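Which chain is which? The protein sequence lines are A and B, in order.
Residue numbers for the first sequence follow the working numbering, beginning at 1 and rising by one.
Residue numbers for the second sequence follow the working numbering, beginning at 1 and rising by one.
Note that these hints are calculated values from the structure, not bench results.
Source: prediction; values computed, not measured.
Even glycine gets a Cβ: it sits at the ideal position worked out from N, Cα and C.
Hints may contain errors.
Said to hold, decoys possible - A few chain B residues that face chain A, going by a derived Cβ cut-off under 7 Å, partial list only:
{"id": "1", "residue": "Leu8"}
{"id": "2", "residue": "Ala17"}
{"id": "3", "residue": "Arg19"}
{"id": "4", "residue": "Ser88"}
{"id": "5", "residue": "Thr108"}
Claimed, not checked - According to the in silico footprint, chain A covers these stretches of chain B (three or more CB under 8 Å from chain A):
{"id": "6", "stretch": "10-16"}
{"id": "7", "stretch": "20-34"}
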Amino acid sequence: MSAVGLSIVVILGVMVGALLFAAGMIWFERRLLGVFQERYGPNRAGPFGVLQVVADMLKIFTKENWIPPFAEKAVFVVAPSIIMITTLASFAIIPIAPAILVSDIDIGLLFFLAMSSFAVYSVALAGWASNNKYSLLGSIRAVGQMVSYEVFMGLSLMGVVLMAGSFSMQDIVTAQKGLWNVVPQFVGFVVFFVAGLAETRRIPFDLPEAESELVAGYHTEYSGFKFAMFYVGEYIGITLISMMIVTLFFGGWQGPFLPPIVWFLIKTLAFVAFFILVRAALPRPRYDQLLAFGWKLMLPLALANLAVTGGIVLAVGR
Amino acid sequence: MWSLLRTLWITFRHSFAKRVTVLYPEVKRLLPPRWRGRIVLTRDPDGEERCVACYLCSAVCPVACIALQAGIDEKGRRKPDFFRINFSRCIYCGLCEEACPTFAIQLTPDYEMAEYERKNLVYEKEDLLISGTGKYPGYNFYKVSGMEISGKGKGEAENERPPVDVRSLLP
Chain A
1 MSAVGLSIVV ILGVMVGALL FAAGMIWFER RLLGVFQERY GPNRAGPFGV LQVVADMLKI
61 FTKENWIPPF AEKAVFVVAP SIIMITTLAS FAIIPIAPAI LVSDIDIGLL FFLAMSSFAV
121 YSVALAGWAS NNKYSLLGSI RAVGQMVSYE VFMGLSLMGV VLMAGSFSMQ DIVTAQKGLW
181 NVVPQFVGFV VFFVAGLAET RRIPFDLPEA ESELVAGYHT EYSGFKFAMF YVGEYIGITL
241 ISMMIVTLFF GGWQGPFLPP IVWFLIKTLA FVAFFILVRA ALPRPRYDQL LAFGWKLMLP
301 LALANLAVTG GIVLAVGR
Chain B
1 MWSLLRTLWI TFRHSFAKRV TVLYPEVKRL LPPRWRGRIV LTRDPDGEER CVACYLCSAV
61 CPVACIALQA GIDEKGRRKP DFFRINFSRC IYCGLCEEAC PTFAIQLTPD YEMAEYERKN
121 LVYEKEDLLI SGTGKYPGYN FYKVSGMEIS GKGKGEAENE RPPVDVRSLL P
C-alpha cells in the first residue's frame, strides 16, 4: 500500500474511532453515573444496555430539525459544525500508538491549543445566532469562561514542552520514557485538568448550559441533528482532553507487556471515568467564583510552575 | 479544596454500595395485602353478587369514576343493572371500599393494568366481578340483614328473632 493510502486509512480510522468512542461514552457515562448513584442506568437494550446508544442516536436523528424563524439562519447552521470540526481536527496530532498518528507536525501542541480556541466561536455564534436571551447569556458565560481558562491551559503545558524540548507530541511521549510527566509536572497536570474541564464545559464548569438557570444555555434553540452535533462535540471534547492528559502527563502509549494502543485506550478510559466521577460529585460554582478561581489561583499556579520548571531546566539541563 | 477531594472520594465509595433499584419486570416488590390497587366486586359465600346498588360508592367517589344503575332481580334482591368504573380517572383512594355497606367493592394488590387505548380502561361489571369473597370470607349481607327476599322471610336471618306481632302487646 502506498504512503498516501496508509495515511488515508489512519485518518479515517482515527476519525471513526473518535466518533465511535464518543458514542460509546454516552452509554458509558450513563452506566457509570448509575454506579456512582447506586442504581443501574440503561440496562434494557442489548447486553448491559449497550444498544441504548443506537436508540439514542435513532431518536435524536429522527427529531424535527427546526430552525427558529427569529434566528440568524446561516450562522445558526454553521455554529454546531465548528465545534465538531475543531475537536475532530485536534485528534490529528494525538499519537495513539507509535505508528498510528495522523500527522506528527512539530507544533502539535500549539495546533491543539489553536483548535480548542476555535471551539469558542462555535459556542459564541450558537448563542448569538439563536437570538434568544438565555442562549445569549449562555454564550456570554461560555466565552468568558473558555477564553480565561485557555490562557493558563496553554501556560500549564509549557512546563511539559520545556521538559521535552519540543512541541511535537511524539517527542513529548518519548521524553517520558523514564518518568511520566505527572510526577515532575504535577501542578501542570492539575491546572491542565481543571482547564480541560472548563474547555469541555463539563458539569462543575457547565455554566454556559446550566439547565437550572439558563434552560440549556447556548444550545437552547437547537434540536435534532444540530443538537446532536453539540452533544457529540462535548463527548469527543472529553475524549480529546483525556487523550491529551494521557499523552502529555501519563506517558502516552508507553507501558509494559500490552501493545501500545491498548495501554493508550486503558489510560484514556481511566480519565474518562474520572471526568464522569467529577461530574457525579461536584456542584457548579457561581460565575464570579469560576473566574476568580481561574485568574487568581490557576493562572499564578501555572506561571509559578512554568518559572520553576524553566529555572530547573536552565540550571540542570533536561 | 479538601472538601472537593472528600466529595470525590465519597462519591467513588458509593460505587461499591448495593444498588437500590428494583429491576421491575423481573423482580416484583411484595405488596401489602391492604394495597389499594385494581377495584373488584366480590360475591358472597353462596356465589351471589354482594353489591346491593346503594350508590354510596358512586356518591363518595371524589373523581366520579363509578357509574351504576340499580335494579331488582327475580328473587327480590337489589342488584346493579350495570356497574362501570373508569380506571383512567380512578385515583385509588379507597373511599368506595370504606363506604360500601356490604363489603362488595374492594381494592386489590394489583397495579398492572396498563392499556394502549384509553377506552379499554373502562371496566364493566363482568370485568369487575370476581368469583370469590375477597377480604371478608364469611360475610353474606342478606344472611344478616332483616331484608325480606325470596327464600328468606322476616326474622329468619342470623342473630335475628322472629318478628313480634305488636298488636299482641297491646293491653
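A quick look at each hint next to the structure:
no., hint, verdict
1, Leu8, "holds, 5 Å"
2, Ala17, "holds, 5 Å"
3, Arg19, "holds, 5 Å"
4, Ser88, "violated, 26 Å"
5, Thr108, "violated, 28 Å"
6, 10-16, "holds (count 5)"
7, 20-34, "holds (count 3)"
The structure fails to meet hints 4, 5 from the earlier list, while all remaining hints are met.
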